[in-house]
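> Sequence:
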Amino acid sequence: MPRTSNPLTYDLNALRERLLPEDGGTVNDSIPKLAAADPGQCGIAIVLADGTIRTSAEADVLFSIQSAVKPFLFALALEDTNGAALDRIGIEPTGEAFDAIKLESGTGRPPNPMVNAGALLTAALVNGDDVDARTKRILSGLSAFAGRQLDVDEEIARDEHLMGDRNHALAHLMRSEGTLSVGADDAVAVYARACAVLVDATALAVMGATLAFDGVNPVTGERVVSSMVARDVMSVMASCGVYDGSGRWMRAVGVPAKSSVSGGIVLAAPGILGAAIMSPPLDKQGTSVRGCIASEQLSDDLGLHAFGNARG
Numbered sequence: 001m002p003r004t005s006n007p008l009t010y011d012l013n014a015l016r017e018r019l020l021p022e023d024g025g026t027v028n029d030s031i032p033k034l035a036a037a038d039p040g041q042c043g044i045a046i047v048l049a050d051g052t053i054r055t056s057a058e059a060d061v062l063f064s065i066q067s068a069v070k071p072f073l074f075a076l077a078l079e080d081t082n083g084a085a086l087d088r089i090g091i092e093p094t095g096e097a098f099d100a101i102k103l104e105s106g107t108g109r110p111p112n113p114m115v116n117a118g119a120l121l122t123a124a125l126v127n128g129d130d131v132d133a134r135t136k137r138i139l140s141g142l143s144a145f146a147g148r149q150l151d152v153d154e155e156i157a158r159d160e161h162l163m164g165d166r167n168h169a170l171a172h173l174m175r176s177e178g179t180l181s182v183g184a185d186d187a188v189a190v191y192a193r194a195c196a197v198l199v200d201a202t203a204l205a206v207m208g209a210t211l212a213f214d215g216v217n218p219v220t221g222e223r224v225v226s227s228m229v230a231r232d233v234m235s236v237m238a239s240c241g242v243y244d245g246s247g248r249w250m251r252a253v254g255v256p257a258k259s260s261v262s263g264g265i266v267l268a269a270p271g272i273l274g275a276a277i278m279s280p281p282l283d284k285q286g287t288s289v290r291g292c293i294a295s296e297q298l299s300d301d302l303g304l305h306a307f308g309n310a311r312g
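Taking the working numbering, the leading residue of the sequence shown gets 1, the next gets one more, and so forth.
Don't read these hints as lab results, they were simulated from the structure.
Hints may be right or wrong, so weigh each one.
Claimed, not checked - Cross-link-like lysine to aspartate or glutamate pairs, in silico, EDC-like; alpha carbons within 16 Å at most:
no.: 1; residue 1: K284; residue 2: D244
no.: 2; residue 1: K136; residue 2: D186
no.: 3; residue 1: K136; residue 2: D99
no.: 4; residue 1: K284; residue 2: D23
no.: 5; residue 1: K102; residue 2: D165
no.: 6; residue 1: K33; residue 2: D159
no.: 7; residue 1: K136; residue 2: E154
no.: 8; residue 1: K33; residue 2: E177
no.: 9; residue 1: K284; residue 2: E96
no.: 10; residue 1: K136; residue 2: D151
no.: 11; residue 1: K284; residue 2: D99
no.: 12; residue 1: K136; residue 2: D153
no.: 13; residue 1: K102; residue 2: E177
no.: 14; residue 1: K102; residue 2: D244
no.: 15; residue 1: K33; residue 2: D153
no.: 16; residue 1: K284; residue 2: D29
no.: 17; residue 1: K33; residue 2: E155
no.: 18; residue 1: K102; residue 2: E92
These figures come from a predicted structure and were not determined experimentally.
Please construct the entire structure, taking both the sequences and the accompanying hints into account.
Written out as structure tokens, the structure is:
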């Protein structure tokens, strides 16, 4: 593919065709609907400052957002608490698995909002007096990020809730430390429903672009979160968004991102674009194999690396 600095002429379908022969990785099987995903699926989307959306084939295939919801839960918690959520949660990388049963020593706080403990807490910090109210706020906020109405897959939400033993353990641990003020089961229920929100690569790219453009959705023109919130979220994505692979990610790709076990990756290149890739087979860190390759290629071809000379 010829090198270009113009995303308007970049051939996303050609990139997708280059990815399809890659057959590494395994599909997550933690719940039935994830296990049933087609390993051959692959969709790519990018969203530019003027709201232009460019897509490849299969960018409209729906999948559950899973852990890619975590930056947006953090954003909503920061927005709804006027930044006070930063006192309730750490922002340091862990080098641990995303579902490690571990809190900060001495504080009882989750280490960062991109691991499960942190996401359980941020989902509990958004506005709402009960599970239904917090779920409604989250769904409304995610829809504003995406620029369209999103829906919850109730079957996935139920399975995430019933099979999320480690999430229940984390919630009870935070309750015992006084970190979590809502009931443990309520916290897991809200987070399970957030993970079960259905997106496609296009919607996820718009969500990333909303962060990249200071909290304003470039498609709808709506301010979703403050510029300070968007900055803080992208900062933590850069250091923690790909778990214990975050350092390698930032060296190779150089763009704040968040991976998910459904095979989605959302990227937010500040001031340049939002992007998303969806392909279910995952590497050992739980990140889409094709998504990693595509992200590095997009970064190289479009000059997206935060520390590269060709940026933008």
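> If a hint holds in the structure, say so; if it does not, say that too.
Structure-based check of all given hints:
Pair hint K284 plus D244 holds up; C-alpha atoms about 10 Å apart against a cutoff of 16 Å. Straight-line distance between C-alpha atoms of K136 and D186 comes to about 14 Å, which keeps the hinted pair within the 16 Å bound. Between K136 and D99 the CA atoms are separated by roughly 25 Å; this puts the pair beyond 16 Å, and the hint is violated. Under the criterion of a C-alpha separation no larger than 16 Å, the hint pairing K284 with D23 is consistent with the structure, at around 14 Å.
With a C-alpha separation of about 14 Å, the suggested pairing of K102 with D165 holds against the 16 Å cut-off. With a C-alpha separation of about 9 Å, the suggested pairing of K33 with D159 holds against the 16 Å cut-off. Our distance criterion of 16 Å between C-alpha atoms is met by K136 and E154, whose separation comes to about 14 Å. Of the pairs offered as hints, the one joining K33 and E177 is violated, with about 34 Å between alpha carbons and a cut-off of 16 Å exceeded.
With a CA separation close to 13 Å, the supplied pair K284 and E96 stays within the 16 Å bound. The suggested pairing of K136 with D151 holds, with an alpha-carbon distance near 11 Å, which does not exceed 16 Å. Between K284 and D99 the alpha-carbon distance is near 14 Å, which keeps this suggested pair within the 16 Å criterion. Proximity of K136 to D153 is assessed by CA-CA distance (about 14 Å); at most 16 Å being required, the pair is judged to hold.
For a cut-off of 16 Å, the pair hint linking K102 to E177 stands: about 12 Å separates their Cα positions. For the hint linking K102 to D244, the alpha-carbon distance of about 14 Å falls within 16 Å, and the restraint holds. For the given pair, K33 sits about 10 Å from D153 by alpha-carbon distance, which is consistent with the 16 Å threshold. This hinted pair checks out: K284 and D29 have alpha carbons roughly 13 Å apart, not beyond 16 Å.
Distance check on the hinted pair: K33 and E155 sit about 8 Å apart at the alpha-carbon level, within 16 Å; holds. With a CA separation close to 13 Å, the supplied pair K102 and E92 stays within the 16 Å bound.
Going down the numbered hints, you'll see the structure goes against 3 and 8, while the others check out.
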